[in-house]
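K.L.:
Chains as they are written, first to last, in the numbering used here: chain X, 21 to 370; chain F, 21 to 370; chain L, 21 to 370; chain C, 21 to 370.
Among the hints, erroneous ones may be present.
The list treats identical chains as one, so a pair stands whether inside a single copy or across any two.
Straight-line Cα separation of at most 20 angstroms, EDC-like style, residue types lysine to aspartate or glutamate; simulated pairs [to be verified]:
no.	residue 1	residue 2
1	Lys295	Asp308
2	Lys175	Glu356
3	Lys182	Asp211
4	Lys301	Asp137
5	Lys329	Glu48
6	Lys23	Glu48
7	Lys293	Asp355
8	Lys23	Glu55
9	Lys25	Glu48
10	Lys241	Glu153
11	Lys241	Glu55
12	Lys241	Glu324
13	Lys295	Asp137
14	Lys25	Glu356
Hints listed in this document are in silico derivations from the structure and should not be mistaken for laboratory results.
Each chain, written out:
There are 4 protein chains.
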Amino acid sequence: MQKVKFETDYQEGASPEILALLESSNLEQASGYGEDPHTSRAKELIRRETGRPESAVYFMAGGTQTNTAVIKQLLSPCEGVISVSTGHISVHESGAIESTGHKVITLPGHDGLLDADDLREYMAAFTADPTNEHMVQPGMVYVSYSSELGTLYTKQTLSDIKKVCGDYGLRLFVDGARIGAAVTSEASDMDMRDIAGLCDAFYIGGTKNGALLGEAVVFPKPETVNLRHFTTLIKQQGGLLAKGRLIGIQFEALFTDGLYYRNARHANSQAMKIKRAFTEKGIPFLVDSPTNQQFPILTQSQHEILSAKFSYETWQPMDNGRLAVRFCTSWATTDEAIDALTDTIGKLQA
Amino acid sequence: MQKVKFETDYQEGASPEILALLESSNLEQASGYGEDPHTSRAKELIRRETGRPESAVYFMAGGTQTNTAVIKQLLSPCEGVISVSTGHISVHESGAIESTGHKVITLPGHDGLLDADDLREYMAAFTADPTNEHMVQPGMVYVSYSSELGTLYTKQTLSDIKKVCGDYGLRLFVDGARIGAAVTSEASDMDMRDIAGLCDAFYIGGTKNGALLGEAVVFPKPETVNLRHFTTLIKQQGGLLAKGRLIGIQFEALFTDGLYYRNARHANSQAMKIKRAFTEKGIPFLVDSPTNQQFPILTQSQHEILSAKFSYETWQPMDNGRLAVRFCTSWATTDEAIDALTDTIGKLQA
Amino acid sequence: MQKVKFETDYQEGASPEILALLESSNLEQASGYGEDPHTSRAKELIRRETGRPESAVYFMAGGTQTNTAVIKQLLSPCEGVISVSTGHISVHESGAIESTGHKVITLPGHDGLLDADDLREYMAAFTADPTNEHMVQPGMVYVSYSSELGTLYTKQTLSDIKKVCGDYGLRLFVDGARIGAAVTSEASDMDMRDIAGLCDAFYIGGTKNGALLGEAVVFPKPETVNLRHFTTLIKQQGGLLAKGRLIGIQFEALFTDGLYYRNARHANSQAMKIKRAFTEKGIPFLVDSPTNQQFPILTQSQHEILSAKFSYETWQPMDNGRLAVRFCTSWATTDEAIDALTDTIGKLQA
Amino acid sequence: MQKVKFETDYQEGASPEILALLESSNLEQASGYGEDPHTSRAKELIRRETGRPESAVYFMAGGTQTNTAVIKQLLSPCEGVISVSTGHISVHESGAIESTGHKVITLPGHDGLLDADDLREYMAAFTADPTNEHMVQPGMVYVSYSSELGTLYTKQTLSDIKKVCGDYGLRLFVDGARIGAAVTSEASDMDMRDIAGLCDAFYIGGTKNGALLGEAVVFPKPETVNLRHFTTLIKQQGGLLAKGRLIGIQFEALFTDGLYYRNARHANSQAMKIKRAFTEKGIPFLVDSPTNQQFPILTQSQHEILSAKFSYETWQPMDNGRLAVRFCTSWATTDEAIDALTDTIGKLQA
């Protein structure tokens, strides 16, 4: 029997509403490369959501592609991008950023988050360094919302980062692969409009919130960034789908009747049940995550019992033979799956 | 009223069989990045089709990505890839190959096809040039089957190219974005097995033959090429979908019960009706294409009449104010659309 | 006995004036990376020569490096550089431009020169092409003065090119590896100031005109191009010498008392003697070159006689078994060498 | 009056023996790009020095270029190079490595040195990580000998690193920009032959040991690394001088009659006098360096007194307002300069 999976938030297909729209639009004839009516509507829906009708919106197939294209577009050849060392672009994108010639400059993270003071200190030291003309020039700050550890910036902490960026001429880019889980978290004090107001570019992840694939890049103030030839760059990076409608249709469905938020809220809510179950057993966490990724620290015997029935990711070894693991929920996580899991957790020895 | 479109072969959605399998498998839980059972089955089906159980098969999202990844993987930093000047990588991929550091070395095409004698002449001159250590080293030959002009290599002409490649240590890569239209053409004397036998790498295009997206790269003799870290490279190029199942499912459907060939045969057959209609009017063609792309040369008045009711691509200006245009059919081109078009052609003034 | 060499203009060491200054300054202590007084003086001398005190001047070690750095600096990621197909960046720089991600877009040359009409036609077709968003965006024009075939633009022909560049937003870059031979040619109607007035960037070649190495890049209107981080880019490209003084000292010597022009005039004058000798024998030329490179077309027997005593470059095979070859003179070509050569030419059978 | 400079080891010109050979060979005619007799002799002298007649030797203009070319040649597209975080390629090469698409993977340094245990731990964790297919693949280890802090590996510690490299299939590359200072240090237990025996590639720095410019790359076991097209790569990277003789002549001089070692020994010996002077005053050091770079930690008042008469590099701020600085000696550092400095040090307040 297959184990119930809590490995990731992309282990099922797509929201039924998306499949229905793919089905009903299937035989419509439309021009390629995003020059179709669904894509136009999807862009309009996203602009509304961000509260900025002047936003420039582009669609791409996946997150690595999106991060790479945005960073390549906004940096000049000698500039690098600053990220916490656990940042996705720093670890799990196979050197995609470097493959375009740009260094990822890493700063230590705090539960996956960048600290504005660390950033300011780094920039002050860089600026004061008489040899800095021989160094990669910091040109951009990359943060994830929610982070790779499920944690969240507050409006204050992100504003603080924004302030440093302003002081030192750095652009601010928010990786929103899991922005749905972020903005719908009970711990969040920001919505899409807040994010749009604070950064130079961000993306709204589809893949991890109910789409088959697809990410929507938003430049909220397009007149302040150089977007010349960006569509050509997307093509060059292999991110321009011939049947661009495939992504347009999905974002059209996701931003109709609040599906995007519903999906994310469901994932978060299922994750909170898992969090509560571990908490009640006194099982500690690697970080206190208010979103759909939970990182309990298990003893070996707890891990043996849980992994016999459920699959989830091992994250990192801890002291005393314990193991930090990740349980991840999605728009599709069923109550049955959660009940089975929390029931098993409830029977664990502390 | 919207015009009937003959612009491309990617202007509709997906074959119903594909949508049905997406639907029925939607809630299956599966690991990401192509580590799912559908992808495994699809790879196995493709290996059977190519007659080489030892083939290495990889899936990627789109054609530009696929060309870029294969070329980057197989070339060393100073090597370039040879293509006819009309080749897709040379013209319509926004410099994607160059963006990875490799030059596209162009030779003149003959109706879109590379001539083995041209290739041999180029290689002989290169080898004899005492300054060639200062030049880009030719490392690979890229051809399209069918070509950008819908034309086909024969088994003999492709074997001749293969022979030159062997003589000069060049790898041979076949872009099969439209391999379906090629192998099902009545003018073709090659099937997938022949292609697999003649080249070092080729890909089977999904996007232009009924899939929503997706291309299948095949290395028929994996032990003779360096595939080390190729999955990592696909990730680096942004070509590894988190929900890899999306492509696996589609190729599973396409290579079940011959859907892939049925789709292509339908497109070709509809194109032949268009070809006949123009031929009967004595309207000449840019090239004699036996596949789903037809390039009639229209007078201005013919173009005005046709473009009032149908949309198609303008290709290139010809003498006397005439215009070469492209009509393209697909798996989804209806008899009604063809009847309407051929009827209008039948009424044109020669 | 070693043959007298007419292979290139970089087969001897350096002008004695340069060696003398290297010697006399040898134990001066100076900061590295071009932050030394000799480099400052050299920059000032070059600014005077170009008639533009506001020029930005940078030094680099070699021509490939210089072309690569300038092109990388001035192009955005999706832009390419236009060159005639015989252009140095297109043929003999091992794909250096492509290695930074940029395509070299080639147009046919006319005796090594770009024709403004060809350029305009290309740009008009590109602009009119509805698919051009999928193509490399032309961003710059590269020309050589003198060209790879020793030929020269006139003020009119270069102004015509400049006009097209202006009309289509292209930057104009002049490779001046042999600008000395160009501006001192009796056929030239342009000096350094004219070049500086017509282009966005050019370089003054040292290596081929009496220096050990070194090229001086000039941006005559620095406020109109983006030079941000250009020193860092030079470092990134490996073009920033630790002992930057080495290049500064040489250009200081070259632009003191007109040495640069004297060297070039000498090379041209020696070449004219060779040209006359061939002309008097009725031996034809590949092109009519007014500078230090001469390309006579030899019969096999003429080639056998000459190559027994002199070394020179074979250029390309011609009809009837004849061979175009290159004789190249330099600042160091002696009268004895010229006499020996012209004497042998004089005895050839026509 | 100009201050006496102890900023770097490249602030003077070249050893008189080098200038003399440049002078005496100046009018010799020689082919370009290193195809001259001086370059051949220099390669032969270096092969002798490394004790490996089968070594492949190449010359390049500078260190950044050399590091970039070697790393680009030996890595495949998804591989990265491991360095301590203070490594030159990680900090002071303007992202040159990343500009060729490769990540610099950093490990913490210990006084500038890589620890074999750290390396083994990193590789063990990488190998065990189930997601490592999505990460940059470690392909090479880069170390400097002497390090950026003047410190040295012992034969044992470098052998330990070599062992880990062997266990995990990593190539080992030694940056020898200051290998002269290293092998002539009294603290060293390795000579060139030992280095050649332990690594896959290393380079012998000319610039920082008496040459005007130039580095000699050595592949001691050329049959075990892929050097195909390496000369073309050097050209592509802009590292192939037209007048290649310029570097050949210098290395010919440096490895005739032991000049290379004499230069380095002189620099070290002068540095030891500085070290003693600081030590006698009880002034501490950032690290205990046995080579030509010394890093005393000065109080503000000590710094004021010294910097009034001498120039040197500030390195990093320390606690209590103190400052770590660098004094660097070279082949050209005079006894007068040392006496003046040690005299001033002797009068400092502790």
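K.L.:
Now look at each hint and say whether the structure bears it out.
P.N.:
Evaluation of the provided hints:
For the identical chains of this complex, Lys295 and Asp308 are intra-copy neighbours only, at 9 angstroms inside a copy versus 52 angstroms across copies, given an alpha-carbon limit of 20 angstroms. In this assembly of identical chains, the alpha carbons of Lys175 and Glu356 never lie at most 20 angstroms apart, being 36 angstroms within a copy and 57 angstroms across copies at closest. In the homo-oligomer, the alpha carbons of Lys182 and Asp211 lie at most 20 angstroms apart inside one protomer (16 angstroms), although the nearest pairing across protomers, at 51 angstroms, exceeds that limit. With identical chains, the CA atoms of Lys301 and Asp137 are never at most 20 angstroms apart, being 36 angstroms at best within one copy and 38 angstroms at best between copies.
Taking the closest pair of Cα atoms, Lys329 and Glu48 come within 20 angstroms of each other only across two copies (17 angstroms); inside a single copy the shortest separation is 45 angstroms, beyond that limit. Proximity of Lys23 and Glu48 under a CA criterion of 20 angstroms is satisfied inter-copy only: 12 angstroms between copies versus 40 angstroms inside one chain copy. Taking CA atoms no more than 20 angstroms apart as the test, Lys293 paired with Asp355 passes inside one copy only; the shortest distance there is 10 angstroms, against 55 angstroms between copies. Taking the shortest Cα distances, Lys23 and Glu55 sit within 20 angstroms of each other only across copies (15 angstroms), while inside one copy they are farther apart (42 angstroms).
In the homo-oligomer, the alpha carbons of Lys25 and Glu48 lie at most 20 angstroms apart only across protomers (10 angstroms), although the nearest pairing inside one protomer, at 36 angstroms, exceeds that limit. Taking identical chains as interchangeable, the C-alpha atoms of Lys241 and Glu153 are never at most 20 angstroms apart, the minima being 30 angstroms within one chain and 23 angstroms between chains. For the identical chains of this complex, Lys241 and Glu55 are neighbours neither inside a copy (22 angstroms) nor across copies (39 angstroms), given an alpha-carbon limit of 20 angstroms. Taking the shortest Cα distances, Lys241 and Glu324 never come within 20 angstroms of each other, neither inside one copy (51 angstroms) nor across copies (42 angstroms).
Taking the shortest alpha-carbon separations for Lys295 and Asp137, neither the intra-copy value of 30 angstroms nor the inter-copy value of 38 angstroms comes in at or below 20 angstroms. For a Cα distance limit of 20 angstroms, the shortest separation of Lys25 from Glu356 inside one copy, 12 angstroms, qualifies, whereas the shortest one across copies, 48 angstroms, does not.
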